[in-house]
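Protein chains in written order, with the numbering used here: chain B, 1 to 270; chain Y, 1 to 169.
All clues given are correct.
With a straight-line Cα cutoff of 25 Å, these simulated SDA-like cross-link-like pairs (lysine to any residue) come out: (1) B:Lys192 to Y:Pro22; (2) B:Lys133 to B:Arg37; (3) B:Lys233 to Y:Phe128; (4) B:Lys133 to Y:Gln123; (5) B:Lys233 to Y:Ser127; (6) B:Lys192 to Y:Leu132; (7) B:Lys23 to Y:Thr119; (8) B:Lys23 to Y:Val20; (9) B:Lys192 to Y:Leu26; (10) B:Lys23 to B:Ala263; (11) B:Lys192 to Y:Leu130; (12) B:Lys23 to Y:Gly122; (13) B:Lys233 to Y:Pro25; (14) B:Lys23 to Y:Ile113; (15) B:Lys192 to Y:Phe128; (16) B:Lys192 to Y:Thr131; (17) B:Lys192 to Y:Phe126.
Calculated Cβ distances over 12 Å to all of chain Y for the following chain B residues: (18) Ile53; (19) Ser127; (20) Asp208; (21) His227; (22) Gly240.
It is worth saying that the hints were derived from the structure and are not from the lab. These numbers were taken from a predicted model, which means no experiment stands behind them. Every residue gets a Cβ at the ideal spot worked out from N, C-alpha and C, and that includes glycine.
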Amino acid sequence: MYAAAIGLVLIVVFVPLPSLTLKGKGAVRGAMAPAERGASSLWQRASETMAAIRGIGGAVDKNRELSHELVRVQAELNRLRDVESDNLRLQRALDFHQTNPHELIPCDVVSRSISGWWNTVRIGKGSREGVRKNRAVISPDGLIGRTTEVTPLTSEVLLVSDPACRISAKLARASVFGLVRGTGSTLTGEPKARMEFINKDIEINVGDEVVTSGLSSAAGEFPKGVHIGYVEKVYRDNSGLFQYAEIIPRATVGLLDYVFVVAEAVGGGQ
Amino acid sequence: MRHRLLMLTMILFGALLQMVLPTWPLFGGMKPPILAALVLHYSLRRDNREMWLAVFTAALMQDGLELGSFGPALLAFPIIGILANRIRTEVFADGLVSQVIFGAVIGLFFTFITLLIFTASGQRPFSFGLTLLRLLGSFILGMVTLPLVSHSIIRLEGLIPKRRTYGWQ
Numbered sequence: 001m002y003a004a005a006i007g008l009v010l011i012v013v014f015v016p017l018p019s020l021t022l023k024g025k026g027a028v029r030g031a032m033a034p035a036e037r038g039a040s041s042l043w044q045r046a047s048e049t050m051a052a053i054r055g056i057g058g059a060v061d062k063n064r065e066l067s068h069e070l071v072r073v074q075a076e077l078n079r080l081r082d083v084e085s086d087n088l089r090l091q092r093a094l095d096f097h098q099t100n101p102h103e104l105i106p107c108d109v110v111s112r113s114i115s116g117w118w119n120t121v122r123i124g125k126g127s128r129e130g131v132r133k134n135r136a137v138i139s140p141d142g143l144i145g146r147t148t149e150v151t152p153l154t155s156e157v158l159l160v161s162d163p164a165c166r167i168s169a170k171l172a173r174a175s176v177f178g179l180v181r182g183t184g185s186t187l188t189g190e191p192k193a194r195m196e197f198i199n200k201d202i203e204i205n206v207g208d209e210v211v212t213s214g215l216s217s218a219a220g221e222f223p224k225g226v227h228i229g230y231v232e233k234v235y236r237d238n239s240g241l242f243q244y245a246e247i248i249p250r251a252t253v254g255l256l257d258y259v260f261v262v263a264e265a266v267g268g269g270q
Numbered sequence: 001m002r003h004r005l006l007m008l009t010m011i012l013f014g015a016l017l018q019m020v021l022p023t024w025p026l027f028g029g030m031k032p033p034i035l036a037a038l039v040l041h042y043s044l045r046r047d048n049r050e051m052w053l054a055v056f057t058a059a060l061m062q063d064g065l066e067l068g069s070f071g072p073a074l075l076a077f078p079i080i081g082i083l084a085n086r087i088r089t090e091v092f093a094d095g096l097v098s099q100v101i102f103g104a105v106i107g108l109f110f111t112f113i114t115l116l117i118f119t120a121s122g123q124r125p126f127s128f129g130l131t132l133l134r135l136l137g138s139f140i141l142g143m144v145t146l147p148l149v150s151h152s153i154i155r156l157e158g159l160i161p162k163r164r165t166y167g168w169q
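Take the sequences, apply the hints, and build the full model.
Put into structure tokens, the structure is as follows:
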């Protein structure tokens with residue numbers, strides 16, 4: 001019996017059946033989506049409460065003579081600050097949505113990778129809402145990644161910092177093209193990416209802005225001119241054909257709760 | 001029945017908790033292996049049928065909610081389950097030292113299997129430094145996770161009122 005079970009498992013593991021795999025995953029993710037949303041919002045509330053409690057603790061330590069009333073007021077102030085920052089964040093997202101030329105699908109981030117092997121987030125919209133595979137996912141801060149596995153209710157977003165994420169990019173100040181590939185994160189948790197295959201005769205400076213070139217998809221779903229990051233370090237290899245630059249994709253640092261999937265890009269894919 | 005329902009609820013809750021927990025770059029970006037710890041806990045304490053139920057539910061959760069092919073958990077969890085179920089009468093599963101050792105072993109084993117599958121199928125690039133960090137990270141996280149998970153479940157199950165039995169039953 002054990003042999004049969006292990007044989008079956010080995011078949012499932014090593015025989016690639018993408019459509020069947022996606023159907024299976026769609027079923028699991030669809031069933032888990034409401035619970036994920038609930039857990040995500042609970043976790044967020046718990047974090048906010050902890051932040052508020054830390055604020056109260058600090059105030060009490062600093063001002064022991066303050067009355068309970070002041071503590072209560074401070075807690076209220078902390079809460080209002082959270083509300084204000086939420087308001088500003090949502091306002092910014094709304095402005096971004098309204099002023100962006102591309103057709104965008106607003107989505108909420110419902111969860112992150114379960115094991116830490118992939119730099120991914122899961123968004124709460126899938127093929128039913130018009131999300132398709134390999135679409136750009138952006139925020140007001142720039143490019144976040146691209147959609148990979150799309151199920152009816154959820155979609156998996158591969159972040160720019162993941163080694164499997166490759167995006168055609170260029171320097172904003174000149175038409176210098178290259179390929180941005182994720183390189184994981186630093187020991188301090190900061191996401192990293194690298195722009196590769198840059199012509200070695202072109203001079204690149206630290207601080208140069210890197211944007212999408214719009215060449216990442218043949219059908220033109222990937223928009224061009226979306227901010228990816230700034231050049232942090234340049235590596236020149238005199239013996240090689242190319243040079244490469246290290247960039248930090250800022251949009252994925254402390255990822256927002258709301259992101260936008262580009263349903264249709266204006267002026268992409270040339 | 002109630003214990004089986006609690007087991008499935010715990011696996012569901014474990015999957016959610018594992019997802020919302022943050023990753024630590026110092027541990028190679030690994031997350032605490034809560035689902036693997038649940039599989040080991042139930043395999044050491046339940047009969048064969050419930051062990052398989054726990055193994056497949058946890059494996060479906062782990063692989064279904066992860067990017068890439070079905071595989072790492074579907075391969076590693078049955079092996080953990082079978083081995084643990086076989087030795088369950090020979091080990092003192094409630095001891096802290098055994099739990100710390102078992103936790104470290106399952107953390108390391110699951111990461112090793114995942115690494116093997118992802119590297120062999122070309123889904124993840126291999127980097128020696130990061131691999132070492134991940135193995136070390138999962139070793140430590142497993143050591144911490146299993147005793148916590150095991151203790152929590154034992155406490156929770158203790159809260160469930162026992163069915164009243166009579167002398168002839």
